[in-house]
Amino acid sequence: MPVTRYVGRTTWFRGKRLYDILSRLKNFGKGRIVYRHVFSERYPEPSYYIITKVDPDMRDPTEKDPANHKSYAYGQKVFRGEASGEHLIKSCYKADWRLVPKHEEEAFLSVKAEVRPKNVVKSVLPFPPLMQHLIKEQQKEQGLDDMPTLRIAIAKSAMNKAVLDTEKQQAQ
Amino acid sequence: MWRRVLYKCHVLRNCVTLECRRTLLSEAYACRDVWQQRLQSPVLQQFDASELAVKLSEKFEKEGKTSAVDMDILANKLDSIDTVQLDFVQSIFYKYRHTNECLEMPDSTPYALIRCLLEMGETDRILQMLQDKINYGIFLDNFTANLLLDHFIENNMYQEGAAVAYDLMLQEDFSHPISRALAWYACHLHWKNNPPSAEPPAEPEEDDEKQIWIRVSFIENPWYDDHFDLDRDSLKLGKTFVSVARGNSDLIGRSYQLIGWALYEKFESGLTLLRDCVKSGSVPAVTQEAIDQFRESLEAVQTKEPPEEKKDPGLVTMEDVKPYYTADQKAKLLEEFQELSNQLAATNGAVAQESLEEALREQACAAIRSGEARDVEAQRALLLQWDEDRQERLQSEMERMRKLQKKASIEQRLQELKAREERLRFFEQEDKIHLSISQLPRMRPIEDVKEEEQFVGTPGERGKGF
Numbered sequence: 335m336p337v338t339r340y341v342g343r344t345t346w347f348r349g350k351r352l353y354d355i356l357s358r359l360k361n362f363g364k365g366r367i368v369y370r371h372v373f374s375e376r377y378p379e380p381s382y383y384i385i386t387k388v389d390p391d392m393r394d395p396t397e398k399d400p401a402n403h404k405s406y407a408y409g410q411k412v413f414r415g416e417a418s419g420e421h422l423i424k425s426c427y428k429a430d431w432r433l434v435p436k437h438e439e440e441a442f443l444s445v446k447a448e449v450r451p452k453n454v455v456k457s458v459l460p461f462p463p464l465m466q467h468l469i470k471e472q473q474k475e476q477g478l479d480d481m482p483t484l485r486i487a488i489a490k491s492a493m494n495k496a497v498l499d500t501e502k503q504q505a506q
Numbered sequence: 002m003w004r005r006v007l008y009k010c011h012v013l014r015n016c017v018t019l020e021c022r023r024t025l026l027s028e029a030y031a032c033r034d035v036w037q038q039r040l041q042s043p044v045l046q047q048f049d050a051s052e053l054a055v056k057l058s059e060k061f062e063k064e065g066k067t068s069a070v071d072m073d074i075l076a077n078k079l080d081s082i083d084t085v086q087l088d089f090v091q092s093i094f095y096k097y098r099h100t101n102e103c104l105e106m107p108d109s110t111p112y113a114l115i116r117c118l119l120e121m122g123e124t125d126r127i128l129q130m131l132q133d134k135i136n137y138g139i140f141l142d143n144f145t146a147n148l149l150l151d152h153f154i155e156n157n158m159y160q161e162g163a164a165v166a167y168d169l170m171l172q173e174d175f176s177h178p179i180s181r182a183l184a185w186y187a188c189h190l191h192w193k194n195n196p197p198s199a200e201p202p203a204e205p206e207e208d209d210e211k212q213i214w215i216r217v218s219f220i221e222n223p224w225y226d227d228h229f230d231l232d233r234d235s236l237k238l239g240k241t242f243v244s245v246a247r248g249n250s251d252l253i254g255r256s257y258q259l260i261g262w263a264l265y266e267k268f269e270s271g272l273t274l275l276r277d278c279v280k281s282g283s284v285p286a287v288t289q290e291a292i293d294q295f296r297e298s299l300e301a302v303q304t305k306e307p308p309e310e311k312k313d314p315g316l317v318t319m320e321d322v323k324p325y326y327t328a329d330q331k332a333k334l335l336e337e338f339q340e341l342s343n344q345l346a347a348t349n350g351a352v353a354q355e356s357l358e359e360a361l362r363e364q365a366c367a368a369i370r371s372g373e374a375r376d377v378e379a380q381r382a383l384l385l386q387w388d389e390d391r392q393e394r395l396q397s398e399m400e401r402m403r404k405l406q407k408k409a410s411i412e413q414r415l416q417e418l419k420a421r422e423e424r425l426r427f428f429e430q431e432d433k434i435h436l437s438i439s440q441l442p443r444m445r446p447i448e449d450v451k452e453e454e455q456f457v458g459t460p461g462e463r464g465k466g467f
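The listed protein sequences derive, respectively, from chains E and A. Using our numbering, you'd call the opening residue of the first sequence number 335 and step up by one each time. Using our numbering, you'd call the opening residue of the second sequence number 2 and step up by one each time.
Since the hints were made in silico from the structure, they are not lab data. Here a beta-carbon is modelled for each residue, glycine too, at the ideal position from N, C-alpha and C. If a hint is listed, it holds; no wrong ones were tucked in.
From the structure, some residues in chain A lie toward chain E, with a derived Cβ separation under 7 angstroms:
#1 N101
#2 I135
#3 F140
#4 E221
#5 F229
#6 G315
Looking at chain E on its own, in the form it has when it is part of the complex (with noise of 0.2 angstroms):
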């Protein structure tokens, strides 16, 4: 038998693309644990996906052919060991999926992540010393001398989620 060879780009994913385990699966699997291999190499909390919905294109459910893209699933997100509700699993065609089995569910689910520390900003900074530099000129010029601070916005995220410290001691 002659071997075959493929050649192409590598990747990090070690796991079956998500309706390749969801099709064999009675009901396409809705209630079980589904995880990336990528995040739970990458991060200590855990990341997974409960699975509600299912929208496969059932022409090629396991999405054989990598230039069709068509099938999709929704389920109660857990990122990092945060909650974040019902989402679109738009990455289902990577092959990077695993199933957490039955007997496993209850182990997998009680592991408890450390509470990440929010990343906290000054509201209130200082300018850059170029800027400074012209205020201060400016200052001169019109005969003041308090120096004004710059007001800090964040552009909040799913991927920025830092916070103002004025707002941390509101929470608090």
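For this one, chain E is given, so just place chain A on it according to the hints.
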């Protein structure tokens, strides 16, 4: 004279087999009356199975899909179909699985499919469809699992019985006590009667000189999940024993866990179990059979040395990522096992000599005795409920079709009216029509169209559209 003797032997053998064939599930479990009653319902009476199959096949070709209720009716009418047509029907179920309509498949479809095929004696087909989950999506429920297991055990079809148990193992669903007990018993019978060979199937010899190069954007790393990827029968049997005996901490539970770990080739777990037995000093701890099987499997396990240099990612296959034991590890495991088994043998009565077949059969019978009546009731209710549901589904489906037809006919009528209006009021609206024609986007005259310059790839890349 010889003929008479032979005849006597034959009679004797028949008696023996008859004696062996004590039934597990009672006749009432199948709920034959309610099951046959479904055929009397008006929904199923108005269709002929063969005609329906042909119609559905045409529908798949024309529209590429069909509704879930049609497939449900087909599955329920399957026993009136000729056996010759079953390949054709199977292909319809294959197509059905590859449309998104299968997401709405009611529970009655797989139930009816499996039951009809079982009554027709098409057990090979059932197993084929059950094992190919991606392409058929047929899953067992508690009742069909019990009926199948019972049928296979009673007809001494151990391999098939074990295959049903493997299906339950892959679904990790041993929650139903009767299914669990029957699956356990079926696996035991398979293990006893067809001793699994530990030899892996011979690998085809690779011809290194010939290589097929396939270009992909990303190389998919093969990964062995130790569950759906289990290939050898002994591994599946082992995992089934382990999961079916999980939670039982008595003699049967421990013994079959040990057999399971041995066949599943997870010897560390087996040794942990033995160590616990020695520590707790429970008497009897495990059976002699289990220890023999463990020794046999451990001695027969294939060893492999870790590869000296890493393989190129494009050449890695599933075989390379499977877990394996090295010769050193095997020797260590054997040594430890010898020590533990000696300790167990030294303790008086720790190793039970009896076979557990009777106990397993008794366990199955006990589970059936306690749960059968409840199951029969539930199954009857479910069958009646499914009949009603089917009626409702069919009606709503027909309503939907009617609406679609009505919509199409209204649309057509509107078009006709529009055309007629244009014809009747042409002179009133002449200006408007001319204006609308002049406002149409201008077509480019053909002589203006020039062939655009085409991109030409480097010689190596020509003819490959990436």
